[in-house]
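Peer 1: Protein chains in written order, with our numbering: chain A, 15 to 249; chain B, 146 to 305.
If you are wondering where the hints come from, they were derived from the structure by calculation, not from laboratory data. Certain hints may be false.
To be verified - Cross-link-like lysine-lysine pairs, in silico, DSBU-like; alpha carbons within 30 Å at most:
1) K63/A to K124/A
2) K200/B to K221/B
3) K124/A to K221/B
4) K200/B to K216/B
5) K124/A to K287/B
6) K63/A to K200/B
7) K92/A to K221/B
8) K287/B to K63/A
What the hints assert, rightly or not - Pair by pair, the computed Cβ-Cβ distance ranges are:
9) G246/B to I38/A: 22 to 28 Å
10) A241/B to T204/A: 27 to 33 Å
11) R210/A to P208/B: 39 to 45 Å
12) P208/B to Q193/A: 50 to 56 Å
13) F33/A to E282/B: 18 to 24 Å
14) N281/B to G113/A: 22 to 28 Å
15) I121/A to P217/B: 43 to 49 Å
By construction, the Cβ of each residue, glycine as well, lies at the ideal position given by its N, Cα and C atoms.
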Amino acid sequence: MSTQSTSWVPPRAGRWPLFGAFTILFLIAGQVLGLTQSPADRDMGDLEKIIYVHVPAAWVMSVTFAIVMFYSLRYLWKRDERDDLAAAAAAEVGTLLNGLTLALGMIFGKPTWGVWWAWDARLTSTLVLFLIFIGYLSLREFVDDPERRAQWSAAVGILGAINVGIVYMSVRWWRTLHQMQSSPETVDATYVLALRVNAFAFLFLMIYFVRRRYESLCLVRAADHAAEAAALRGA
Amino acid sequence: MNIDESAVTPAKATKRRPIAIAAVVVVVGVFGWLLYGGLDKNVVFFLTPQELLAKGTSGYDVPVRLGGQVKPGTVKWDDKTLRLTFDVTDGQSDIAVQSSGAPPQMFRDGQGVVVEGRFGRDHVFNSTGLMIKHSNEYRPPKAGEKPQEMYKTLIKGSGA
C-alpha cells in the first residue's frame, strides 16, 4: 500500500507562520474592538461581550467539520492518504472549537440563563458532536494500519460532520432553552461589526491551525514511510 | 508490510471503491433518517401553560418544565421568606409560579423563563429551578435608558 503514498513530498511551512502572526494580531484587534467599542446589552449588560468568542467558536467549528467532511469524502474517492491527514488535522481543530463552544456557552449560560447546563436539544446535540469527534480522535490512536485507520476515520468523520446540520437546525426543529439563530435583524448594528471581525479572526486562526497540524502530520507519515523503505532495503 | 500486499492492494482498492462509497451512503442515509425523521418534534424542553393545563389531572404532581413569559405586574418578592411568585403566560393561559431565592440577573417583567418543578392540584406551580430563556435579540439600551436589572431592585427591596 505504500507504493503510491511514498511519492509525495511533505508540504513546507512557507509563509504560513507570517499568516499566523497576522491572525493573532487580527484576533487581538477584534477582541479589543468588541470589548471597548460596543455598548452593554439592555438585558444582559456586559455579559453580551461573550458573544464575540462563543458565537465565532461555534460558527467556525461548523466550517472546520465541513472540511473534515470534504477531505474524508475525497479520501474515499481518491485514496490519497494526504486527504486523510488533512481530515485528521481539521478534526483536531474542530474538536478544540467544539469544546470551546461548550465551555464558553456554559460560562455564558450561568449568569444569563441561571444554569451552567440544560439538556435541551441544542446543548445535547452539541455535546454529542463533541463526543463523536473525541471518538474519531481516539479511533485514530487505536488503529495501527494506516489504510484501515484512514477508511474508518473517513466514515466516522462523515457521520460526525452530518451532525453539524442537526446542531444547527436543533433550535428550529425542537423547543429548546437555547435561543434561535440571531441575524443582523435581531442584533443591533453596533454588535454586528465586532461579531463579524471576530468571526473572521477565528476563521483565519482555524485555517492556520489546520494547515500547521496538516504539515506536522505529513512529516510524521513521511518519516514512517522513510523508515519502512529503509527496513525493506536493509532486509 | 510485505511487498505482495502492496502490489495487490491498489487494484483491489479500485474495485472495492464503489462498494465502499455505497456502504457509506447507506449508513449516512440511515443515520440521517433516524435523527431527522425519527426524532421529529418529540424533543420538547418545556411545556407552555396552555399545554400543561391541557394535560388535566395527568399534569399534576409530576416533574415537568414550564416555559413562557413573566406576566408583567405579577412579580412579588417576599424579603423575609425569600419567596418569589409570578405568573408565567403564553399569551393565552397563565399559571402562577412559586419559587424561592433570588432570580437570575436577567429576570424581569416580560422575560422568557423556564421553571422546573411540579404543578400542584391547587394550580400553583412549585418551582425548584428557574431559568431565563433569552431571545435572539441583542440591543443596546435606548438613549437615557439603563440596562434593566430587576434583580437589583429585588435585592434592594429585601434590605429596606
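Peer 1: Confirm or reject each hint.
Peer 2: Results of checking the hints against the structure:
{"no.": "1", "hint": "K63/A to K124/A", "verdict": "holds (14 Å)"}
{"no.": "2", "hint": "K200/B to K221/B", "verdict": "holds (27 Å)"}
{"no.": "3", "hint": "K124/A to K221/B", "verdict": "holds (23 Å)"}
{"no.": "4", "hint": "K200/B to K216/B", "verdict": "holds (22 Å)"}
{"no.": "5", "hint": "K124/A to K287/B", "verdict": "holds (26 Å)"}
{"no.": "6", "hint": "K63/A to K200/B", "verdict": "violated (41 Å)"}
{"no.": "7", "hint": "K92/A to K221/B", "verdict": "violated (67 Å)"}
{"no.": "8", "hint": "K287/B to K63/A", "verdict": "holds (18 Å)"}
{"no.": "9", "hint": "G246/B to I38/A: 22 to 28 Å", "verdict": "violated (43 Å)"}
{"no.": "10", "hint": "A241/B to T204/A: 27 to 33 Å", "verdict": "violated (39 Å)"}
{"no.": "11", "hint": "R210/A to P208/B: 39 to 45 Å", "verdict": "holds (42 Å)"}
{"no.": "12", "hint": "P208/B to Q193/A: 50 to 56 Å", "verdict": "violated (24 Å)"}
{"no.": "13", "hint": "F33/A to E282/B: 18 to 24 Å", "verdict": "violated (36 Å)"}
{"no.": "14", "hint": "N281/B to G113/A: 22 to 28 Å", "verdict": "holds (24 Å)"}
{"no.": "15", "hint": "I121/A to P217/B: 43 to 49 Å", "verdict": "violated (30 Å)"}
The structure is inconsistent with the numbered hints 6, 7, 9, 10, 12, 13, 15, although it conforms to all the rest.
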